[in-house]
Every structure is written in C-alpha cells, then in structure tokens.
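Engineer: So the chains spell out like this:
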Amino acid sequence: MNKVMSNKKAIIIYVAPAFFLLLALIYIPIIQTGYFGMMKWTGIGVKEFIGFDNYAQLIKDTLFWKSAYHSFLLALFSTISLAGYLFISIILAGKVKGVDLLRKIYLIPMLLASVAIAQLWLKIYNPNNGILNKVLMALGVSDPPSWLADPKLALYAIIIPIIWQYAGFYILIYYAALKNIPEELIEAARIDGAKPWQIALQIKMPLIMNVIKVTIVLAVVGSLKYFDLIYVMTNGGPNGASEVMASYMYSKAFKEFDFGYASAIGFFLLVICLVVTYGIRKLTEADKEIY
Amino acid sequence: MELESVKNSGTAVRLTEKKKQTAKFSLWNISGYGLLYLFLGLVAVFQLFPIVWLVLFSLKNNQEVFNLSPFALPKTPHWENYVKVWTEGNISQYFFNSLTYTVSAVILTIVLASMVTFAITRMKWKGSRLVLGIFMVGLMIPAHSTIIPLFSTFTKIGLIDNALSVILSYTAFNLPITIMILLGFYEALPREVEEAAVMDGANIHHIFFKITLPMTSPVIATAAIINMIYNWNEFVFVNTFISSDSLKTMTVGIQNFIGQYTTDWGAIGATLVICILPILIAFLLLSNRIVEGIAAGSVKG
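From first to last, the protein sequence lines stand for chains L and C. Position 1 (the first sequence) corresponds to 1 in the working numbering; numbering is contiguous. Position 98 (the second sequence) corresponds to 98 in the working numbering; numbering is contiguous.
Looking at chain C on its own, in the form it has when it is part of the complex (with noise of 0.2 Å):
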C-alpha cells in the first residue's frame, strides 16, 4: 500500500519535472543536468568499479594480473581459475554447507515470525504490544554481546560444532527483522476474509495456515530474499561455533582457503566471486524485493 502511494508520487513528481524541462530549457539547466549525471554516475562507478575488478582478476593469471593494466580484459579467461577453487579446496563442500543452513534458517525464521506476526496483529489478548517490544528491543542487540554465553551453553549442551548452533542462531537473530518486515502487511489485511471463515466454522489454526498465511505470500518472498542474503554472508557465528573443516560456510571457509593461496590472485578472486554470486544472482532477479524488505526492515516509525 505505502509502496504504491510512493510509487504513484514518483511518477507525479516527473510528470511535473517534464513540464518544468521544458519550459525552461536553457544552457544553464543543461549544463546543471549534466553536472548531476557526471557526479550521481561518479558514484555508481565508485561503488560498482572493486566488484568489476573482483571479476577481471578473477579471469587472470598472476603475469597478468602484475604486468597488464588493472582495466585491461586477459588474453584468454582463465576459467580454470573457477574449476581449480571448486575441485581442490573444499569450496563445494563450503558452498553446499552455506546453502543447507541459509535454506534452513529461512524456512525456520519465516514460519515462526509468521506465527508470531500472526497472533499480535490479528489476535486480540492482553500484552500483545508489550510481546511485540520485547521482540523489537532484540534488533538493538549486539551478537557479541551474547557470543560467549551462547558458545558456553552450546558446547555444554553437544551443539558446538553442530549445523544447529548456527541455524537456530540465525534464526533467533533474524526473528525480530523478519516480524518487522511482515507486520505492515499483515496490519493492511482485511479482516473480512477471517471473519467470513470463523462463521464458516473454521478454527484458528485452518485460518492461519489455509487462509492468511498464503494471503502473505508476497511478504513472505520479500522477508525470504532479505533473511537469504542475511544468513549467506553471516561470518562471526559459524566463526566460533564451527570447527570442522566439513561444516564450514562459504564466510568462513574462504578465509583458510584464502590464507593457502594468498600468492594466486586468480584463484582468491575466483573463490571470492563464488561466495558472491549467488547474492548477485538473487540481486539481478529480485532487486525489486530487495529494496523493498530492506525499506520495511530498517525504518519504522
């Protein structure tokens, strides 16, 4: 709803812009034009020109990555570069274990976030608000304030190096984030649908699970995409709960990769677009959510 408002307004505002334009076309407003452009592109360039170089290095040999220009495009790629970190290391194995926790603690966070979502904005009971601070309070958290606690009860209870350790972590500190994300949307819904299915007889868990929760399904892509690119990238938890070799995510297990072969740049750059390219890949299908859930997760009131 608020998106659409903004939306709307975006293309009001350069509706009257082109009216402007062209009403007061003149040397000055040109050259100001170009000014803005040459500084916003400026910008664009700073921000996307590491990540380009990541990739050109990524395809060289050591030779020409010393002696070519930092610009210049190899000879030949060197894909070799890709198959050699993904063969000989245990970058598959990295790549595959990020995947399976990132995969679980989403599925994980959303369900439970949604269930709680669920009760406080579409339930009626006392506490409702003060439930929800509580949650709330837990995103000024920091995860170092709690790391020590958290390795000492893990390792008391066997879940120190355990895929657990770091999918319930992710989980507990994504909830609050993800209830942020999802609870405009659950706060828009009409409650007719609900209403029509408790006269219809219908109880509480056939109206969570068969009528709201797929009326959120948007928010939930939304939540999703954000809670993916959280957990991908997470580093201090795996850091310090993991230290089998075979259970190490992608974050961590660069970085001894990375120690091995700190003379290949080929190689370190190809390792580093591996761990990247799925968030890159996410970004160019779903940059529309992106921004979204990163809008609705990070400003509130």
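Chain L on its own, in the form it takes in the complex (with noise of 0.2 Å):
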C-alpha cells in the first residue's frame, strides 16, 4: 500500500500541472507587479528603472486616495450589510416554512455575469425611462435624481446593485452554519427559558463567529478588489466620483498605457488585501475554537 502511495514520480505527476500553471499565471505574476511598479515603461518597448518612484509618486497621488477611500467606503458597507444577511439567515434558519425556495431566489442575482446586472442596473438608473424614476415620479417626485451622472450620488447608486448582488450568497453561507448548530444547544437554551433574540445573540452568534470572521474577509477583500459594476456602469465616473482602485488601475494601464505606475497600484492593492486578511484573522482570533 505505502509503496504505491508513496511513488515519488506518481506524485510529481499529479502535482506538477497544476502546480505549473499556478506559478506561471499567478505567483510569478505577482512577483513581477512588484518588479514593473519600480519601472517607467508604456507596455511596449524598453522599461527603465527609476525604483521607487512611482510608489512616492502613488503616495501624492491624491486621485488614488480617492479611489482607496471609495474602495474602503464599499467595504463599510458591505461588511455593515452583513449584520442584515444574518438577521435574515437567523429567521430563515429558524422559523419559516419554504425556506429552499427563498434562499435560493436570493442567490440568484449572484450567479449572474456582472457586466449583464450592470446593463440591467444602468437601465434602472435611467433618469427619463428608467424603473427607479418612473417609480419616483408616479409618486409624485418631480425632479428625480440623475444618479449614476450625479458625483454627490454616483458612488452610492453603484454600492446597492453590489449588495443586491451578493446577499444571496451570504445568507447562503450564515444559514448552513446556522443549521449546523446542534438542535439540543437551542432546546436546552429554550428549557431554561430564553427568548428567541437572546438564544440569537448568546448562543447562535458566538457559535458562527469563525463563519462571521471568514465573511467579513469575504466582504472586505471582495471590496477592497471590486471591479466590474463600475467599470460597465461609470468606468469611475463622473469625474472620479465612483473610482476604485481597481478601475483606477486599469485605466492607468489600458487606457493611458502607464504599466510601471499601474504595476505599482496593482502590487499595493495585492499588499492591501493581504495585510486586510491576515490582520482581521489576527484580531478575531482570541476565541478561535468554540465548537
């Protein structure tokens, strides 16, 4: 049994492919955002070193920090909308009949092309013949916002297509680790006579919390990288009032071929999700093992 198990080459075998393809498409890859960000180069021809250059000059670059703030501003709210998705997950989990059904309609805006819900979204948002406004002024509004052309509104307008778009999936997740709470904890909390929100509160949260952590990384990175909806919808707009990181790097780098200062924003955002993660883990991890 060992013998065969153990075959070294068989090893190598199974591994390597797809060991290979993740160093070439993705480490390697990384590696060389860092390098680039210390290059001035336009995507072709030669590139030259000028070190750390365009990270002093990303520190300056106040557009940037627009778009972080932006980027940090989705992140607070979704991971605020987190403590919906669990209320939510809580009554489903506990009280309702057809509770497949519901969950699975919730889900469904999240299986969905992005770039399909940013059409869709950019019709609702349409000021003359959109959904939203023609709603508005059936009742009764007579001015209706222009939304996704209003900076003071633009970003706002694009955080509730997102939102929208992944409650399913969290509700998803906060109820599987919910129904995983063994029956007899509640029913013994229920003997001893506690209401429905202090068995929510006292026993069904403290015993998802490693879920809840996991989530709020979900939410956070998934943020903090966030790209689709606005690109389709406002490519950043109007004036950078709905600018992320992400789109602010890609259109350094694909619209005014600036690779070694895209490079440097890139290499920064992947430092920023990974020092977002390891930190939330660090600070939640006091209670690690609960169950």
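Simulated from the structure, these hints should not be mistaken for laboratory data. Mixed in with the good hints there might be a few duds.
[What the hints assert, rightly or not] Covered by chain L, according to a simulated footprint, are these stretches of chain C (three or more residues, beta-carbon under 8 Å): (1) 125 to 137; (2) 271 to 277.
[As the list claims (entries may be wrong)] Below are the PhoX-like pairs computed for lysine-lysine, each with C-alpha atoms no more than 20 Å apart in a straight line: (3) Lys-126/C x Lys-9/L; (4) Lys-124/C x Lys-9/L; (5) Lys-3/L x Lys-124/C; (6) Lys-123/L x Lys-134/L; (7) Lys-3/L x Lys-126/C; (8) Lys-8/L x Lys-126/C; (9) Lys-75/C x Lys-47/L; (10) Lys-124/C x Lys-8/L; (11) Lys-282/L x Lys-213/L.
Even glycine gets a Cβ: it sits at the ideal position worked out from N, Cα and C.
Two chains, each in its own frame: build the complex with the hints.
Structural biologist: Put into structure tokens, the structure is as follows:
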C-alpha cells in the first residue's frame, strides 16, 4: 500500500501540471507586478528602472487616495450589510417554511454575469425611462435625481446593486452555518427560558463566529478589489466620483498606458488585500475553537 | 456527509417548530409569522424584481417601454428583438465562444484539480500540506495584481488575442476554489477500496482513473457547475487579452453591441437575457448542486 501511495514519480506527475499553472499565471505575475512597479514603462518598448519613484508618486496621488477611500467605503457598507444578512438567515434557519425556495431566490443575482447586471442597473437608473425614476415620478417626485450622472450619488448608486448581488451568497453561508448548530443546544436554552433574541445573540452568534469572521474577510477583500460593475456602469465617473482602486489601476494601464505606475497600484492592491486578510484574522483570533 | 447532517437537523428543527406552533397558537404568533413572511417575501421580491423587469422590457418595443407602465406586459411579445440581436450582430459568435472557453476550462480545471486533490489527500508525502497551502493562498490574490504581467507575457509568447490565454487564466484562477470544493469529499472517501486495489496489484494511475475519480463524480458535478458559472460570467481577462471581435465572449462582446443599440431597449434587453439565460437554466435544473458548491467553496474553518 505505502509503496504505491507514496510513489515519488507519481506524486510529481499528479501535482506538477496544476502547480506549474498556478506559479506561471498567479505567483510569478504578482512578483513581476512588484518589479514592474519600479519601472517607467508604457507596455511596449523599453523599461526604465526608476526605483521607488512610482510608489512615491502613489503616496502623493490624491486621485488614487480618493479611489482608495471609495474602495474602503464599499468595504464598510458591505461589512455593515452582513448584519442584515445574518438577521435574515437567523429568521430563515429558525421559523419558516419554504426556506429552500427563498434562499435560492435570494441567490439568483449572484449567479449572473456582473456585466449583464451592470447593464441592467444602468437601465434601472436611466434618468428618463428607468424604472426607479418612473416609480418616483408616479409617486409625485417631480425632479428625480440623475443617479449615476450625479457625482454626489454615483458611488452609492453603484453600491446598492453590489450589495443586492451578493446578498444571497452571504445568506447561504450563514444559513448553512446556523443549520450546523446542534439542535440540543437551542432546545436546552429554550427550556431554561431564553427568549428567541437571547438565543440568537448569546448562543447562535458565538457558535458561528468563525463563519462570521470568514464572511467579513470575504466582504472586505472582495470590496477592496471590486471592479466589474463600476467599470461598466460609470468607469469611475463622473469625474472620479465612483473610481475605486481596481478601476483606477485598469485605466492607468489600458487607457493611459502607464504600465509601470499601474503595476505599482496593482502591487499595492495585493499588499492591502493580504494585510487586511491577515489583520482581520489576527484581530478576531482570540476565541478560535468554539465547537 | 456534512450536508446530510445539515438536512437532518433541518427536519428536526421543523418538527419541533411544528409542535411549538400548535401548542402556542395565538394571535400574536399569527401576526408575528405574518410579518416575518412579509419581510422575507419583500427581500425575495427585491432580489427577483430587476430580472423580471429585464425580461419584460426585452419583449417590448421602445414605445411600449417609454409609455406603458414598467410592470405592464407588452400587447404582443416582441420576440423579434431576440431574432434581431441573434442574427444581426455577432451575438451568436460571442455565445459560441463563451461556450467553448467555458467548457474547455472546466474540463482542464476539473482534471488538474482532481489530480492534485488525489495526491494531497490519498498519497503520503512530506510537504503535501505546504502545497495545499500554496494553492489556497491563491484564493486571496486579486486578478488585477496579475493582469499586467499576464498581458505582457502573453504578448511576448504570442498568446495575446488567442483563446488559450483566456482558457489557461480561467483554469489557473479557478484551481484553488475547485480544490477546496473537492477536498472535503476526497477526505471522506473510504480507503478500503484503494487498499484492495493495491492488493490486487493495481498501479497508481489505475487507482486514480478507474477507481477514485469515478467515485468522486457527485462532487465533480458540483465543482463543474460552479466553474461553469464563474467562467461564463468572467469579464476582465477577456476584456484585456482578446481584441478580435471573432474571439470575444458574451460578457465582453455585449458591451460593444449594447453601445451600438443604446436607444433600442428591446434589443438590449434581449441581449442581456441571452447572456444570463444559460445560467438561469442551469440554476433551475441544478440549484441544489450550486448551493452546495458555493457553500463548500467559500467557508472552510
């Protein structure tokens, strides 16, 4: 048995192809991104080594910090919305018939292509014929906002469909975790006279804390690297009002062909994502094994 | 295994709830439940409503979109919107490309991920946990942090504007989540079958391809549908690596296409419905697998 199952040659054959792809298309490129970040480079022609100039420029680039601020704002709203999803999941997992159907319906937007969702919400927000303003006008609002064209509203108008899109995903995760709690625990608390909200806050929440942590990481990191809806709906506009880090990086690279500077942003994005993941896990590590 | 216990505890909950409900039948309970249902129902409406509205306006002409109530059905559904976008533009080409890339990448990803998962969970070697860790860290890497070097490398080796650049990128970026989905199932497989095969003198490839791989077909189905959804919906790689119209996928192709038709709501609606239809159909047929796959691919301790 051992001889067959620890055959070195076989192990290499089974692991190497996937490992090679992973190295070639993910790990080597992130190292290259850091390296290209130290170049002055238009994407074609020669790279000129300029050390940390791009990174120094990045620190002073107010447009970049504005986009970073928007990314963090999106992360903040996504994290806050988790509380709502948790609330819905607790109701779903406790009381209701037809749960399966409901949570499947909730999931649908997440399965559809972001760019199609983006085009759809462009239509929803259409100032004249979009359903939102039609409804508002029917309700008597004479001068409804122009949403995506309004610098004050554009970012928030995009955050709504992003939250809409991922709601079902988080509800699904919380629901599965809540269903994993042994029924005896809940029953015991009930016999002791605990109220439903006490059970939710003092028994269910602590028991699924690990899952909550994972979802916070997913929501924050997912927001920090968010791109699709913004690229299609406003491309960062109007006038940078909805620009986020990933869209800023993308237009620096593929619109302005400043590949060196865009690489520096890409590397910064990577570092932020890894640091935030590590940070959230460390911050919430104290009560690790609850089960 | 885990899922089964989830289901069982689910029915247990429902049973005890039923007892409670009949025991404490009161006005407060009825109105309480009514409110809960109303709330959950409203969430469902909010989630579904934009998609229903999309299907409605895909069957209208502009006049109906502008003048009728948004919720009204068109007098006669304008199916010609669909015929028009399918035949006039390159939508059919984009659709076919999406299908080709999606299927090729799914097959490649499943085969490679199964091999790795087999080696990590069934074979004995030092460093298997480390290798698994390296794959899992891949989950956290933003695609944007790799896209410039990938663009530059693909240009250098002549794979830019080539289907392979897209298929290989899909595969590499989906390997971690696919391995994550496969892992639990592989770990739960009994070792006896493999042991018996070794006794009978089977070699490792025979064990993997003829015994283990067929046993994992349920989880392969789950992983495949999740991969399919991701690949079908992917945008950034195609948008960056592909410039020829004849090689574009639905997600990228429809952007230009919609640009030409900005004022024709019916045509835009039809295009978007065609783009999301395969996923909606897959969802109707395989929703349980999708739910399972998303749960397995997102949370692991």
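Engineer: Which numbered conditions among the earlier hints are violated in the structure presented, ordered from lowest to highest?
Structural biologist: As far as the earlier hints go, only 9 is violated by this structure.
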